[in-house]
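Chains A and B, in that order, are what the protein sequence lines are. All you need for the numbering used here is the position in the first sequence, starting with 1, plus 108. All you need for the numbering used here is the position in the second sequence, starting with 1, plus 328.
Since the hints were made in silico from the structure, they are not lab data. Only a predicted model underlies this, so the values are computations on that prediction, with no experimental measurement involved. Accuracy of the hints is not assured; some may be wrong.
Here are the simulated lysine-lysine pairs, PhoX-like style, with alpha carbons at most 25 Å apart [to be verified]:
{"hint": "1", "chain 1": "B", "residue 1": "513", "chain 2": "A", "residue 2": "145"}
{"hint": "2", "chain 1": "A", "residue 1": "177", "chain 2": "B", "residue 2": "374"}
{"hint": "3", "chain 1": "B", "residue 1": "513", "chain 2": "A", "residue 2": "152"}
{"hint": "4", "chain 1": "A", "residue 1": "152", "chain 2": "B", "residue 2": "389"}
{"hint": "5", "chain 1": "B", "residue 1": "374", "chain 2": "A", "residue 2": "188"}
{"hint": "6", "chain 1": "A", "residue 1": "182", "chain 2": "B", "residue 2": "359"}
Facing chain A, according to a computed beta carbon distance under 8 Å, are these residues of chain B, among others [said to hold, decoys possible]:
{"hint": "7", "residue": "343"}
{"hint": "8", "residue": "347"}
{"hint": "9", "residue": "391"}
{"hint": "10", "residue": "394"}
{"hint": "11", "residue": "398"}
{"hint": "12", "residue": "458"}
{"hint": "13", "residue": "479"}
{"hint": "14", "residue": "481"}
{"hint": "15", "residue": "483"}
Every residue gets a Cβ at the ideal spot worked out from N, C-alpha and C, and that includes glycine.
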Amino acid sequence: MNCEEIKKYISDLVDHELDHETEKSILKHIENCPECKSIYEEEKLIKETIYSETLEDLPTGFNLRLHEKLENEKNNRNSKEKKSSSKVIQLFKNNKKYLSIAAIFVLSIVLVNNLPLGLNGSTSSDMAREESVESKEISMNESFGNAEPTLRSFDAEMADQAIAVEETTEEAPAESEMVASDIDDDPLNEYQTGRVIIKNGNISLDILDLDETIRSVSDKVNAYNGYISNQHSSISYVDSSGKEYRNGHIQVKISSEHFEEFMNFAKELGRLRSSNANSNDITNEYRDTVSRIENLEITQERLRDLLKKSETVEETLQIERELTRIRGELEHLKGTVKNWDRLSQYSTINISLNEVDAIEIKIQSIDKNIFQKSLEGLMNTINSIRSFLERVFISLVAYSPLIILLGLVLLVIRKILKRSEKK
Amino acid sequence: MKGVKDVSENELKLIDDAIDGDINSFEKLIKKHQKFAYNVALKYLKDPTDAEDATQESLIKAFRYLKSFNKNSKFSTWLYRIVINTCKDELRKNQKDQNNLSLNNDDNYVDAIEDESYEPLKNAENEELGKNLHKAIEQLEVTYKDAIVLCDMKDYTYQEISEILEIPIGTVRSRINRGRKKLRKIINEMELFTQMNV
């Protein structure tokens, strides 16, 4: 290496930045080169002098002044933090305890506010149900004009046939037929076939227009000479746009022979949600009750005869007592039979109607394949997520004043804490 | 003595407390560095008052931005970086037209006097030399000053200097080279000057 290059490395040498080999070779050159040596010595001297030079002391009061400035800096920083948003983040970090308490507080407020609503909602629907149940019961207990003649004639028949009945208790079917033959006005399937059957059906439908549907039902009922025994409608809910959705309930009494026909008609009125029909064959009970009535009436006659023959007051009283008892029981049994007649003559169909936005009136059930089903499921999920998000957003907005208030309270608490810390 | 001590655990604790706002911890933390910081400032700003202001300002900055100190490097490295940058800024603000002070930070600037002609240092007395050197460094271009100060006053390795100044090692070496050359030149001129006066 020549001097040019060596000179570039002199500083490195002075600073011991060279590897051992290079250092050795350069030192060697320097020993033999006065010019390079001179530079080397000078730089070395400079470095050593500077290095060994005692540092200037800090001016007096330096630390005091520095401390003051540091305090100022700290205060500035704190006041800045109060304004900046990072303060909020710090607030969250430092006040986890308070925040959790506040969160519990807010949650409890929300729950308390929402619980009554929930209860109200359920109780109102419960009440609606109760009402409809009551109305059903009332309708059951109503006395119906059309049914009465049947019974009265029946009663009369029973009285006439009292003795005949005694002899022919086993021939219950015949007895029913006899009764049936007297009652031509109301063709009663049950009696003609010899069976007493109470039919009733329940249909639940989704429909578009409650009033229209009720009108259709009424028209059909009148056509069949039936009647509506009970009707009730209410608003089930109101959606966000103010549209009202009602539901309604009709109880139809239709003569039993038209029962199936009417059921089919009713199912077509809207989208069938559910339906059931049952027939209750009460022939045996009916017969038994009728026999009982007959027997009681015979007993009653006998007692009356006895009464005429009675001599002592005590006897009279006993007989009277017995007669009263029998009369009571007869009334009760006759009432039951009356009721059964009503029910068997007129089948009951309960129709529940629910207003909806749109329905597809399915005539036949569509066989959905898995793909369609899964699509529908997906849409349902998306819809439920959407409605959930809507609810969350609404409640967030609704409770924003509370959140703001709590935030302010927390800030105040923090200020108080800081002041106490400084003290 | 080569290099400096590593970041100790004690230092880390002080740093954390200072970040939280404890001024006393911060003062302890900078205690062993503040004298050097002041002397660096003196080399840049000459005037003791200015130097004090610059030093204190660098320390305040250190306190302010302590959060952003990457604990993987040495604290002194980070601190001196702030000190040197602050001093350079202050110098820029106070720039007066002085022949000797050049704010040329271009490392490719070629010295007007690039020739190798030199004269050996005539003054062998170290005390005298020391004073002169002090003045000489003051006069040194800002560009070279930082490297020289760190290298000769603290005996930092080139690697450490490159970390503090955030420049490549090659630049460090060239700055030291040229810095020392300039110093020699200044000293020689001063020698001549004093000699002339005498």
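* In rising order, the numbers of the hints this structure does not comply with -> 4, 5, 7, 8, 10, 11
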